[in-house]
Amino acid sequence: MKTIKHLFLSILSLSALVSCSSDDDAPKIVNEEEVITTVRLELTNAFGDIVVLQSQDLDGEGPDAPVYTMEGSILADTEYVGEIQFLNELENPAEDITLEVLEEALDHQVFYIYTTNNAGSTVTYTDLDSDGNPIGVATTFNSGAVSTGNTLVVQLIHEPNKTGSGVSDGDVTNANGAIDANVTFTYDVN
Amino acid sequence: MKPIIIGLVMAISCFSYSQNCNYTFLGELKDFHDGTPIESATIYIKESDTYLISDFDGKFKIENLCAGTLTLTISHANCETKTVSFEINSDTFKTILIEHHIEELMEVSVIAHVDKKETKTAQETVLKEHTLKKYSALSIGDALKEVAGVSSINTGSSIVKPMINGMHSSRLIMLNNNVRLQDQDWGIEHAPNIDVNAASQISVIKGAGALAYGGDAIGGVVVVNPDRVFLKDTLFGKTTLSGQSNGRGYSANTKLNKYTKKGWFASVQGSLKQNGDFETPDYVLTNTGSNSKGFTFRGGKQNFESGFEVFYSYLNNEIGILKASHIGNIEDLVSAINSLEPLVIEDFSYDINAPKQDVTHQLAKAMYYKRFNNFGKVNLQYDYQNNQRLEYDIRVGDDRDKAALDLKLQTHTLSSDIVLDALSDYKLKFGIMGRYQNNFANPDTGVRRLIPDYDKFDFGIYATTEHSLNSKMTLDFGLRYDFNRIDAKKFYFTSRWEERGYDEDFSDLIIDDLGTQLLVNPVFDYHNFSTSAGFNYQLNEHHSFIGNYSLSSRPPNPSELFSDGLHHSAARIELGDLRLTKETSNRVSASYIYNSKQFNLTTEAFYNHINDYMYIEPTGIEQTIRGAFPVWQYLQTNAELYGIDLSVNYTINEHFNFSNKTSYTVGNDIENDRSLINIPAFNTRNSITYTNDWKQFSASLTSDWTFEQTKYPDNNFETYIASTNETVLVDISTPPSAYQLLNFYSEVTLETSDKTNLNIALSVNNLLDTNYRAYLNRLRYFADDMGRNIMLQLQYNY
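From first to last, the protein sequence lines are chains A and B. Per the working numbering, the very first residue in the first sequence carries number 1; after that it's consecutive. Per the working numbering, the very first residue in the second sequence carries number 1; after that it's consecutive.
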């Protein structure tokens with residue numbers, strides 16, 4: 001009998017334990033803090049014409065693919081001042097991750113890689129970190145000849161080997177590090 | 001107490017006179033396994049029909065013996081009864097070894113008439129302190145590999161998850177001092193939180209035969225037990241110090257036990273381990289240092305009639321993860337696979353930086369038992385576990401020092417069992433268990449939760465029975481029912497919810513719509529029945545056969561249900577599935593055991609058929625701003641695993657001993673007609689040991705040969721690399737080549753006084769500094785495994 005009583009008591013106390021656990025409080029939503037949802041390259045020429053190339057993925061790691069948009073048109077043989085921006089638009093207001101990149105400039109570098117039909121286009125770094133190596137947030141962009149279907153790959157690399165061979169000239173081959181953003185812009189030169 | 005009195009009375013009445021009856025027989029009883037003296041054993045002298053009791057040193061004396069045959073039947077609470085006979089024609093001294101089952105999975109080994117092993121018919125292997133001490137500076141997963149058929153799945157060298165017959169994680173039950181470990185065991189990179197130094201012995205039970213521990217141990221059960229308590233006024237302990245060349249690691253462990261004759265006992269144990277970056281033969285494995293702190297306390301009172309125990313254990317592990325394994329996207333993974341060396345190699349350091357894990361596991365238990373006359377024994381146990389897991393990733397800005405994963409898992413368990421053992425050839429055990437578990441994922445990490453907040457309720461009830469038909473044949477049978485309910489609150493991206501088709505099947509689960517994310521409240525119930533039946537047939541002293549069938553099922557774990565997001569170290573998006581059902585295993589096993597003085601052989605074969613086997617495989621590619629990632633999704637299929645494990649021990653002569661452990665496992669996905677992933681390759685370990693009575697010297701050389709795994713699923717995929725404008729094949733499937741490692745181990749024991757000794761052990765692992773990569777190491781894409789490691793260990797026993 002005693003045994004049964006023991007068992008009974010144990011079950012009773014367990015159910016008490018279970019029933020007093022509260023499960024009413026809803027968990028707090030987490031809006032990813034470091035995710036880059038948007039890469040925006042803004043190009044401005046001497047006449048004040050602005051071209052914006054943007055890749056935006058508003059569900060971060062979600063299933064939706066990034067959406068590419070282009071505003072304005074790129075003129076042939078024109079020099080543009082390039083300014084890249086990395087945003088987290090999951091947060092409200094959107095967080096400008098470019099500021100963190102600049103803050104930790106020694107640990108970051110943006111690479112611009114032409115893959116097809118580059119029509120003589122060039123990108124030149126115009127900013128430097130405290131070691132005198134380029135960061136790649138500010139650039140000068142030369143559009144080259146009239147052409148269609150040009151692709152420009154923009155990569156933000158965390159902890160690259162900035163002293164690797166060719167890295168300061170924008171060659172990604174020896175940069176290593178971890179890729180934080182990797183987008184492809186397609187454009188025509190008119 | 002009573003048997004001793006009876007024994008003494010009997011002993012006093014032992015008078016028998018005849019011619020030349022003045023010989024003395026001095027006997028000493030020792031444990032067959034570890035040579036410890038067996039006290040309080042009953043010795044029945046057939047010729048005089050009298051009884052004796054062995055003393056604290058296992059000794060007994062029979063005086064006034066006549067010349068002729070002396071037949072003794074020795075019985076002890078936890079031993080097989082043994083009958084021996086001697087020809088007496090002078091004063092005689094004999095050491096008698098008896099099979100004392102201290103591996104018995106009982107908290108209280110002083111209680112009589114209990115079973116010797118948890119199940120008579122499961123494939124069970126026991127590792128004792130003598131073996132475990134070699135692994136003082138390593139992990140429990142390393143120690144378990146002493147058992148044929150046990151391997152491990154690793155993340156580097158410090159995160160070692162045991163694998164039994166090709167199964168790991170949620171398919172294994174780990175028990176620490178009779179508490180089922182609840183430490184987020186679903187992840188491959190989550191090593192079990194048990195300090196090998198706190199264990200006195202470990203049993204490995206293959207398959208789900210041990211139903212008392214759970215009905216979902218499709219792979220097996222690992223039972224870790226602390227020191228056995230005996231009734232004696234004594235204080236003893238040991239201190240172990242060790243140092244190793246690879247990783248420049250050092251560790252210290254100390255344990256102190258105090259027992260009394262009245263049954264009171266207390267023991268404390270503490271350990272510290274630290275190592276820096278490990279090294280392969282060619283380079284430093286940057287950021288592979290680790291730091292571990294463990295403490296246990298155990299105390300209580302154990303008597304025949306009743307007893308109680310309180311137990312507390314604390315373990316903190318801070319483990320660095322190879323820096324080169326932190327990758328951003330698939331392009332990085334391709335570069336890592338193609339590079340012969342890791343992409344980050346820095347100078348040796350003890351620093352542990354991100355990526356790293358910092359896991360603290362605390363366990364508290366209180367247990368009480370009482371024995372009732374002519375009925376049996378009742379146990380009642382409550383335990384609480386708190387598992388705090390922090391994982392740090394390489395982050396930027398303000399988040400740099402913030403954990404990317406912060407999970408707190410708390411578990412309360414109340415369990416009770418009744419053992420009815422009043423009948424000597426028939427035993428019945430009933431048990432009941434209730435458990436409540438809460439997981440809290442801290443949102444302050446700023447990273448979407450990998451595992452959601454949930455409450456989990458488990459209830460289990462079982463009965464097992466054991467019946468000895470005769471001295472040769474034992475049968476056992478068990479039945480168990482488990483109920484599990486998981487009640488989770490999880491955020492999904494609305495896009496993911498729809499992409500999974502959950503909006504059609506699970507729309508009633510939504511409790512809040514926050515625009516881009518949905519809060520849902522899945523509540524799932526699972527009912528599981530499990531059963532086990534087997535026989536153990538002892539043909540004669542040499543040959544025995546064991547057969548077992550078990551049915552078990554396992555509900556999906558939180559990771560299989562809810563995973564949803566990017567797994568950084570693997571560069572893949574992992575997706576759980578709310579539609580997963582339980583998996584059900586039918587396992588048959590057969591063992592043949594041959595024992596003789598010179599030669600021992602254990603052959604264990606098994607076939608395990610698993611319906612709705614849960615596994616993860618790549619199903620497509622998704623684009624993000626970071627680039628493309630393969631999507632790995634949890635799926636179900638019908639699978640089979642089968643294999644054979646062999647252990648051989650051959651005593652060549654009094655100095656040399658040869659042993660072999662071989663295991664071969666096959667895993668097939670029956671539905672898709674291909675191999676299962678992460679099945680251990682054929683492995684054979686041969687060792688030759690030289691022993692000498694001089695200072696108990698021994699030296700052994702072991703060859704550990706792992707073949708190349710040729711049976712694997714092809715999960716390779718193609719990906720477009722934007723920066724080079726090409727499409728490449730990502731080979732994540734091909735296993736690395738075969739490798740053979742030579743290990744050396746030697747030890748001496750110096751008697752420092754009557755009751756103290758110093759054991760000095762020198763070992764060299766990977767003696768030839770061989771370069772290799774193991775198929776079952778998740779970091780094999782990034783770097784080689786550890787090179788030569790010379791270890792010196794001093795153990796002072798007092």
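Think of the hints as simulated: they come from the structure by calculation, not from any bench. Where hints are given, some of them may not hold.
What the hints assert, rightly or not - No more than 25 angstroms apart at the CA atoms, straight line, and that leaves these computed lysine-lysine pairs for PhoX-like:
| no. | chain 1 | residue 1 | chain 2 | residue 2 |
| --- | --- | --- | --- | --- |
| 1 | B | Lys-293 | B | Lys-456 |
| 2 | B | Lys-408 | A | Lys-28 |
| 3 | B | Lys-293 | B | Lys-30 |
| 4 | B | Lys-61 | B | Lys-232 |
| 5 | A | Lys-28 | B | Lys-456 |
| 6 | B | Lys-402 | B | Lys-30 |
| 7 | B | Lys-402 | A | Lys-28 |
| 8 | B | Lys-128 | B | Lys-597 |
| 9 | B | Lys-59 | B | Lys-261 |
Taking the hints in turn, this is what the structure says about them:
Note on Lys-293 (chain B) and Lys-456 (chain B): the hinted pairing is violated, with a Cα-Cα distance of about 29 angstroms set against a maximum of 25 angstroms. A C-alpha spacing of about 15 angstroms is found between Lys-408 (chain B) and Lys-28 (chain A), which places the hinted pair at or below 25 angstroms, so the restraint holds. For the hint pairing Lys-293 (chain B) with Lys-30 (chain B), the CA-to-CA distance comes to about 36 angstroms; that exceeds 25 angstroms, so the pair is violated. At most 25 angstroms may separate the alpha-carbon atoms for a hinted pair to count; Lys-61 (chain B) and Lys-232 (chain B) meet this at roughly 21 angstroms.
Annotation: proposed proximity of Lys-28 (chain A) to Lys-456 (chain B) holds, straight-line Cα distance about 20 angstroms (limit 25 angstroms). Taking the CA atoms of Lys-402 (chain B) and Lys-30 (chain B), the gap is about 56 angstroms. The hint is violated against a cut of 25 angstroms. The straight-line distance between the Cα atoms of Lys-402 (chain B) and Lys-28 (chain A) is roughly 18 angstroms, inside the 25 angstroms bound, and the hint therefore holds. For the hint linking Lys-128 (chain B) to Lys-597 (chain B), the alpha-carbon distance of about 20 angstroms falls within 25 angstroms, and the restraint holds.
With a C-alpha separation of about 18 angstroms, the suggested pairing of Lys-59 (chain B) with Lys-261 (chain B) holds against the 25 angstroms cut-off.
The structure shown violates the earlier hints numbered 1, 3, 6.
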